[in-house]
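All chains, please: the whole structure from these sequences, using the hints.
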Amino acid sequence: MEPVRIQGLADAREYLARAKERGVRAVLIAPAAAGVAWCTEIAALLELEFPDALESIALDCGQDTAMAFEALRAELPGISYDGPHRQAVQALAARHGTQFYG
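Heads up: the sequence shown is residues 1 to 102, going by our numbering.
Don't take each hint at face value.
Computed Cβ-Cβ distance ranges for the label pairs, DEER-style [said to hold, decoys possible]:
id : residue 1 : residue 2 : range
1  : 88        : 52        : 34 to 40 Å
2  : 35        : 94        : 22 to 28 Å
3  : 83        : 14        : 26 to 32 Å
4  : 38        : 63        : 15 to 21 Å
5  : 84        : 21        : 37 to 43 Å
6  : 91        : 33        : 22 to 28 Å
No wet-lab data here; the hints were simulated from the structure.
Beta carbons: idealized from backbone N, C-alpha and C, even for Gly.
Structure, rendered in structure tokens:
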């Protein structure tokens, strides 16, 4: 299933409810403005609420290399990054076991 970009918690819950009804698991991509801490907390909450529907949540780091590194240090399950150091960030994500969406 293709990752879905969300705008907030209500958006995520709505999408996961639909995924649960269809019997599929979803990958959500949170906006950069959410930040690493929010993404970590929401991932934990959504895993409790939708254990059969949430595959993973990733943070959209855009072109912000520092944010991508922060997300890797926080051990987020996934990141989306399309900045100038894409190959290096993707390699680091692979070493950390983090899903990479470019």
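For each hint, the structure was consulted:
{"no.": "1", "hint": "88 to 52: 34 to 40 Å", "in the structure": "holds, 35 Å"}
{"no.": "2", "hint": "35 to 94: 22 to 28 Å", "in the structure": "holds, 23 Å"}
{"no.": "3", "hint": "83 to 14: 26 to 32 Å", "in the structure": "holds, 30 Å"}
{"no.": "4", "hint": "38 to 63: 15 to 21 Å", "in the structure": "holds, 20 Å"}
{"no.": "5", "hint": "84 to 21: 37 to 43 Å", "in the structure": "holds, 41 Å"}
{"no.": "6", "hint": "91 to 33: 22 to 28 Å", "in the structure": "holds, 26 Å"}
Violated hints are absent here; each numbered hint is respected by the structure.
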